[in-house]
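Going down the list, the protein sequences come from chains A and B.
Take 1 as the starting number for the first sequence in this note's numbering and just add one per residue.
Take 393 as the starting number for the second sequence in this note's numbering and just add one per residue.
Calculated directly from the structure, the hints in this document are not laboratory data.
Errors might be hidden in some of the hints.
[Stated by the list, open to error] Calculated Cβ distances over 10 Å to all of chain A for the following chain B residues: (1) Leu428; (2) Glu429; (3) Asn435; (4) Thr437; (5) Leu447; (6) Val459; (7) Lys462; (8) Glu477; (9) Lys494; (10) Thr500; (11) Lys525; (12) Asn580; (13) Leu581.
[Claimed, not checked] Covered stretches of chain A, as calculated for chain B (at least 3 residues, CB under 8 Å): (14) 60 to 67; (15) 230 to 236; (16) 289 to 297; (17) 303 to 310; (18) 381 to 387.
Predicted, not measured: the structure shown is a model, and the values here were computed from it.
Glycine included, every Cβ here is placed at the ideal spot set by N, Cα and C.
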Amino acid sequence: MISRRTFTAGLGGALVAGLAGCVTSHDTGPVTGIVDLPAGYRPDLNSDEAGIWLQADKAEAAMRNSANRIRDEAITSLVADMTCRIVGNHCPHLRTYVLRVAEPNAMASPNGSFQYWSGILLRMQSESHLAAIIGHECAHYIRRHSLVQMRNVRNQADLALFLGMGLTMAGAANGMDLANMIAMGGISSFSREHEYEADALGLKLMADAGYDPMAAPSVWNRFIKIRDAGGEKEKFDFFLSTHPPDGEREKELTRLAELRRARASAPDRLRAALAPIRPMLLADEVNRGTFKRSQKLFDLMQDGDSAPGDILFYKGELHRRRGKDDDDMIALSFYHEACEAAGAPPEAFRMVGLIRWRRGEKDKAREYFRRYLHVKPDAGDRDMIGKYLAGA
Amino acid sequence: MMKRLLSLLAVLALTGCAGFQLVPAGKVELQGQVELETPLAWNGTVDSDIFLWTLDGPALQQMIFHVGIKDDKTLFDEVNHEAKEHWLMKLAGKERDLVTLKFKKSMTEFEIMDLFTATYTAIYEGQSVTADKLAPAVVGGQPGFRFEYSYAAKDEVRRRGFATGAVVDDKLYIVHYQGSSIYHFDRNLADAERIVASIKFKKKA
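Let the hints inform the model, and build the full structure from the sequences given.
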């Protein structure tokens with residue numbers, strides 16, 4: 001049974017999730033029952049909607065000044081430009097933020113602020129992939145899912161209270177628990193409806209903007225592959241899951257995408273825009289400490305990448321950090337591959353040197369230390385490298 | 393902030409008052425392995441092989457000593473995922489997909505710095521700790537290392553720090569000092585440096 005505490009926490013969580021609709025088939029019209037957001041709209045100050053806008057304004061102010069906000073021009077400009085292409089006449093009223101958070105997530109707030117976490121950018125294979133995510137978030141915003149979800153949570157809480165009281169007075173054991181469970185189920189299934197709706201509208205928006213609609217199910221296929229690599233089953237709970245099962249979303253998006261003509265000439269500026277910050281994002285992914293999932297992501301990223309040196313280097317880092325069995329040798333092999341590939345960070349040379357030094361191959365190690373300092377003469381650790389070159 | 397810290401650091405950062413005692417100015421011995429001298433009194437607490445000192449509260453500045461980390465051990469129990477695995481899951485090869493960051497006595501200084509930043513990034517709930525300026529150093533008469541680091545935790549306060557340490561008798565000793573970039577780091581940096589300069593490793597009996 002769901003305890004009152006769980007229910008209360010659930011309501012709180014549902015409200016927070018509702019305030020920032022996140023990464024959701026519906027082709028029969030809005031499930032919200034209210035009109036789509038008019039461009040430039042601001043709610044009446046006496047309305048319940050104004051309350052959630054104020055909260056969103058406050059959260060946006062914190063995000064704007066956050067130390068984790070990525071300010072790199074290339075990626076932030078691309079995300080802003082794509083959002084405008086996809087969202088149409090709402091464009092002047094939206095703000096987009098890219099945040100350095102390794103987890104894959106994106107959120108749209110009712111006040112028009114959108115946040116994209118770096119972890120989701122790293123998981124995108126193409127600009128059309130990212131367009132599917134942006135389209136989904138724009139759909140949450142246009143359909144005003146935050147507002148409707150907040151009202152639904154409030155109504156379900158009222159319902160739970162009255163139903164619980166009635167059941168208790170009628171002598172039902174655990175009457176409040178039963179009522180709470182029913183309400184939680186109502187909130188979660190309503191949220192899942194929103195996700196399906198945002199998936200469908202998002203796909204329409206991104207396809208209308210010139211992106212490949214097949215990218216939408218492809219994104220989910222990618223997420224599923226990475227999750228499965230970690231050996232974890234998807235946890236779906238009818239009463240508590242606010243999002244539909246990944247596999248169902250992929251299936252429905254495939255059905256919807258097949259109804260549209262594929263776009264062979266969709267733009268793809270993502271790889272170039274991510275290039276300046278990709279090593280940082282790869283390092284953050286390694287720092288998540290998930291070996292198998294990160295390894296799968298890196299395999300998927302490497303497929304078809306013309307300059308995979310940084311990916312190879314961080315594959316090596318995954319193995320070196322784990323440090324089991326033959327990991328040191330596997331890491332050395334990846335570092336060597338990275339050194340020969342385009343896009344390798346200078347640190348690949350350093351790591352070859354370090355592992356060879358540990359193996360007693362000091363002359364070979366010094367050769368790679370020199371190569372490291374050659375490509376990075378102002379390295380912050382040059383004094384330490386100097387110690388090794390001098391004999392350690 | 394730092395909700396996930398079930399370890400010493402977490403408790404301190406959250407409550408700011410758990411188990412603190414006065415560390416008077418003067419000579420201090422840690423775990424019977426390290427001797428040092430502090431020019432001023434601190435509020436200190438200890439959990440196993442981790443000592444934490446602060447003047448104004450851990451969120452503003454702190455000095456942490458990891459004393460004698462043995463081969464194949466973690467800096468914090470919190471990041472020892474292997475130890476939390478149920479033996480049945482291990483037997484079935486169904487361990488969670490989480491890497492345990494352990495000190496290895498064969499590690500180079502670069503890898504120790506990486507162990508430090510990766511461990512503290514995990515401790516700070518994924519808020520990236522970045523380090524730079526790794527250089528040789530002498531700590532307690534032993535050849536060691538020193539580097540600088542920085543991060544912004546979830547409270548959005550930018551912090552700076554330095555860490556120094558050495559591997560002695562196959563055990564890792566790290567001491568690091570950090571404070572808010574805007575004020576506290578600079579304010580007591582000289583005090584921290586004097587403490588580091590006074591470190592002596594006690595000889596085995």
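Status of each hint after checking the structure:
no. : hint       : result
1   : Leu428     : 24 Å, holds
2   : Glu429     : 27 Å, holds
3   : Asn435     : 27 Å, holds
4   : Thr437     : 27 Å, holds
5   : Leu447     : 24 Å, holds
6   : Val459     : 23 Å, holds
7   : Lys462     : 15 Å, holds
8   : Glu477     : 13 Å, holds
9   : Lys494     : 7 Å, violated
10  : Thr500     : 5 Å, violated
11  : Lys525     : 5 Å, violated
12  : Asn580     : 22 Å, holds
13  : Leu581     : 19 Å, holds
14  : 60 to 67   : holds (count 4)
15  : 230 to 236 : holds (count 3)
16  : 289 to 297 : holds (count 5)
17  : 303 to 310 : violated (count 0)
18  : 381 to 387 : holds (count 4)
Violated hints for the displayed structure, listed by number in ascending order: 9, 10, 11 and 17.
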